[in-house]
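Visitor: Each chain, letter by letter, is given below.
Protein chains: 2
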Amino acid sequence: MKIVCKKSDLLNGVNIVSKAVPNKTTMSILECILIDATENKIKLTANDNEIGIETIVEGDIREKGKIALDAKILFDIIRKLEDSDVSIECDSSLKTFINCETANYTIIGKPADEFSYLPEIERLDSVTVSQFTLKEIIRQTIFSIADNDNNKIMTGELFEVDGDVLKVISLDGHRISIRKITLKESFPKKKVIVPGKTLNEMSKILSGETDKEVKIFFTGKHIIFEFDSTVVISRLIDGEYFKIEQMLSSDYETKVTVNKKKLYDSIDRATLLVKEGDKKPIILNIEDESIELKINSTVGSMNEKIDISKQGKSIMIGFNPKFIMDALKVIEDEKIDIYLVNPKAPCFIKNPEESYIYMILPVNFTTVG
Amino acid sequence: MKIVCKKSDLLNGVNIVSKAVPNKTTMSILECILIDATENKIKLTANDNEIGIETIVEGDIREKGKIALDAKILFDIIRKLEDSDVSIECDSSLKTFINCETANYTIIGKPADEFSYLPEIERLDSVTVSQFTLKEIIRQTIFSIADNDNNKIMTGELFEVDGDVLKVISLDGHRISIRKITLKESFPKKKVIVPGKTLNEMSKILSGETDKEVKIFFTGKHIIFEFDSTVVISRLIDGEYFKIEQMLSSDYETKVTVNKKKLYDSIDRATLLVKEGDKKPIILNIEDESIELKINSTVGSMNEKIDISKQGKSIMIGFNPKFIMDALKVIEDEKIDIYLVNPKAPCFIKNPEESYIYMILPVNFTTVG
Numbered sequence: 074m075k076i077v078c079k080k081s082d083l084l085n086g087v088n089i090v091s092k093a094v095p096n097k098t099t100m101s102i103l104e105c106i107l108i109d110a111t112e113n114k115i116k117l118t119a120n121d122n123e124i125g126i127e128t129i130v131e132g133d134i135r136e137k138g139k140i141a142l143d144a145k146i147l148f149d150i151i152r153k154l155e156d157s158d159v160s161i162e163c164d165s166s167l168k169t170f171i172n173c174e175t176a177n178y179t180i181i182g183k184p185a186d187e188f189s190y191l192p193e194i195e196r197l198d199s200v201t202v203s204q205f206t207l208k209e210i211i212r213q214t215i216f217s218i219a220d221n222d223n224n225k226i227m228t229g230e231l232f233e234v235d236g237d238v239l240k241v242i243s244l245d246g247h248r249i250s251i252r253k254i255t256l257k258e259s260f261p262k263k264k265v266i267v268p269g270k271t272l273n274e275m276s277k278i279l280s281g282e283t284d285k286e287v288k289i290f291f292t293g294k295h296i297i298f299e300f301d302s303t304v305v306i307s308r309l310i311d312g313e314y315f316k317i318e319q320m321l322s323s324d325y326e327t328k329v330t331v332n333k334k335k336l337y338d339s340i341d342r343a344t345l346l347v348k349e350g351d352k353k354p355i356i357l358n359i360e361d362e363s364i365e366l367k368i369n370s371t372v373g374s375m376n377e378k379i380d381i382s383k384q385g386k387s388i389m390i391g392f393n394p395k396f397i398m399d400a401l402k403v404i405e406d407e408k409i410d411i412y413l414v415n416p417k418a419p420c421f422i423k424n425p426e427e428s429y430i431y432m433i434l435p436v437n438f439t440t441v442g
Numbered sequence: 074m075k076i077v078c079k080k081s082d083l084l085n086g087v088n089i090v091s092k093a094v095p096n097k098t099t100m101s102i103l104e105c106i107l108i109d110a111t112e113n114k115i116k117l118t119a120n121d122n123e124i125g126i127e128t129i130v131e132g133d134i135r136e137k138g139k140i141a142l143d144a145k146i147l148f149d150i151i152r153k154l155e156d157s158d159v160s161i162e163c164d165s166s167l168k169t170f171i172n173c174e175t176a177n178y179t180i181i182g183k184p185a186d187e188f189s190y191l192p193e194i195e196r197l198d199s200v201t202v203s204q205f206t207l208k209e210i211i212r213q214t215i216f217s218i219a220d221n222d223n224n225k226i227m228t229g230e231l232f233e234v235d236g237d238v239l240k241v242i243s244l245d246g247h248r249i250s251i252r253k254i255t256l257k258e259s260f261p262k263k264k265v266i267v268p269g270k271t272l273n274e275m276s277k278i279l280s281g282e283t284d285k286e287v288k289i290f291f292t293g294k295h296i297i298f299e300f301d302s303t304v305v306i307s308r309l310i311d312g313e314y315f316k317i318e319q320m321l322s323s324d325y326e327t328k329v330t331v332n333k334k335k336l337y338d339s340i341d342r343a344t345l346l347v348k349e350g351d352k353k354p355i356i357l358n359i360e361d362e363s364i365e366l367k368i369n370s371t372v373g374s375m376n377e378k379i380d381i382s383k384q385g386k387s388i389m390i391g392f393n394p395k396f397i398m399d400a401l402k403v404i405e406d407e408k409i410d411i412y413l414v415n416p417k418a419p420c421f422i423k424n425p426e427e428s429y430i431y432m433i434l435p436v437n438f439t440t441v442g
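Residue numbers (our numbering), protein chains in the order written: chain A, 74 to 442; chain B, 74 to 442.
Worth flagging that the hints you see were computed from the coordinates, not collected in a lab.
If you're wondering where the values come from, they're calculated on a predicted model, not measured in any experiment.
The reader is advised that the hints may include incorrect statements.
When chains are identical, the list treats them as one kind, so a pair holds in a single copy or across two.
To be verified - Below, a list of computed lysine-lysine pairs in the DSBU-like style, where the Cα atoms sit at most 35 Å apart:
{"#": "1", "residue 1": "Lys423", "residue 2": "Lys137"}
{"#": "2", "residue 1": "Lys333", "residue 2": "Lys145"}
{"#": "3", "residue 1": "Lys264", "residue 2": "Lys348"}
{"#": "4", "residue 1": "Lys402", "residue 2": "Lys116"}
{"#": "5", "residue 1": "Lys257", "residue 2": "Lys348"}
{"#": "6", "residue 1": "Lys97", "residue 2": "Lys262"}
{"#": "7", "residue 1": "Lys153", "residue 2": "Lys408"}
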């Protein structure tokens, strides 16, 4: 095999498929990227059997062939090369020569036959969104998946298509994040659980441009994303997602409208008194025209009053400050509405259209001072 | 005590003196910053008995007094406050109230009497340099001090004043870095060993502006830096510095002139094949019009030819690549001269004026292929 590509194209391709290379594995072939130039295109593939990515790189094929190369070494080499044409050439003994301007590398590849290709999956029903939208919707929900495997389903996100609405849901037992977007056309109903890891990697690869599209295919066992010259195939998580409708109530006793940045900054200021791992709640004392935020820790105490407008009853309620901040961080609105029932019931941060709903469970607290 | 300062002034002051607060200590008073407003200025002090820093902060003294506050907590609180006036007030029970706009913190201070003030040292002979020069000369030498205490003297740098020349030297047993600058006037001879830690902290505090000055005072046991509204006092390292003159020879068998960036980039490209902790030398094969760089590791091999101009004999010599890169990183010249004698003798990278001299010992290597 001998191929010649521009350094920038090659680097971009290697960077994309590297997202499917596992950090730790005992199978060294999984640490490789397959360069396949057996047909009339240069295709890079990585595949850890949960998530697989392939992408086409522009370039010249001087001699057809294929080789598997260690992803990390390949990435490091290409990254450091000068901004010029890069040639990759391998012989029958798997010796691989990478050359760019005056620099010559020799590394040993692995046989392409050992590499497990991506599964051939029929791609029928697809939903189309912009790269920007998909990247955003992931960012706005991914923080509330569970970070351990105790409940596999919680480590993924529900992707649900119903008519012209795509709804994405994540939850971790303490909170629920829901985002809805309207699609350009209607699609048949679909409901799948996508692994959080896949979505994390996707959001790193997506360019975030509004005028570039992603086609999403849903199959029984897989979700497939097609965009630019790249295909990402991921296994789905088996099982039935949680029935969250019964947890979402629109009744409330108190509605608070508050400046988002002011609330965020104040909670941020309060939490610096809390040492990591120390589970101190922030207490919100909601009165007619203000919230008083209070936190007490071994380090000291802090309180701050913020102007609000309020409908309904006054209430004092405690939260894990991180959970509130996580939600506020991904809301774009300048002013937000918070709906509360009582100190034991979940609060909802949502907009009137309900294009976002963040539900957060309160925590018990003891009032001091 | 009650003082009111602008947030930015206070943050700057706390940030500066925090550099003298030790990361780990069993004496909690050492983790504190003393705020002393007993006279007509607001003075912040931190002191770990090796290095002590005091700085004056602009502001209003509403009630005279003093208090010691945990440096990290104070810094975190002030950093997160809004950009407005900050008041710090403490009562006789050491309860301290920090207020800014709507935010109110309460923390507990420590008695100011427990705090050890900076020693009173007579400041006589001083040398003046710009903040820029001092910051640069530290950056250009600090990387070659020893990073462990086996030989205390190697953990510091020699500051030597002779007439109108300030010479700064560091060495770690494998290499020597020397920088010389010409002072605006002549000063009596001085020779002290300044702890590397002090210089590291100094370079973080110095603004790096060319039109701001630093006065350096030398005393028997201390070095004192005065700049802006800040005073830094550091103990010196006792002992006699190494006699390096006998290691600096100006004889050479080979002189190479090479583009610094090309050489740096090439070594950088070579070292990515070397895993951390693996002590693979880079081999320079110096011929009439080129250097061929070669590296061999378990990962693979790399070679690259760079154009040079050469006087004297051809030579093949091996180096720890990091040592060459460290020196190249802090040299501003586009082209550099390298002087060599034989594969066992040190090489010198220096300019004709010898305002910089970097000496690096070679390493043994076995030629492969």
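Visitor: Give a verdict on every hint.
Guide: For each hint, the structure was consulted:
In this assembly of identical chains, the alpha carbons of Lys423 and Lys137 never lie at most 35 Å apart, being 56 Å within a copy and 50 Å across copies at closest. In this assembly of identical chains, the alpha carbons of Lys333 and Lys145 lie at most 35 Å apart only when taken from different copies (28 Å versus 42 Å within one copy). Proximity of Lys264 and Lys348 under a CA criterion of 35 Å is satisfied in neither setting, with 40 Å inside one chain copy and 46 Å between copies. With identical chains, the CA atoms of Lys402 and Lys116 are never at most 35 Å apart, being 38 Å at best within one copy and 38 Å at best between copies.
Proximity of Lys257 to Lys348 under the C-alpha cut-off of 35 Å is found in neither arrangement, the shortest distances being 47 Å within a copy and 51 Å between copies. In this assembly of identical chains, Lys97 and Lys262 lie within 35 Å of each other by CA distance neither inside one copy nor across copies; the values are 37 Å within and 59 Å between. Taking the shortest alpha-carbon separations for Lys153 and Lys408, only the inter-copy value of 21 Å comes in at or below 35 Å, while the best intra-copy value is 46 Å.
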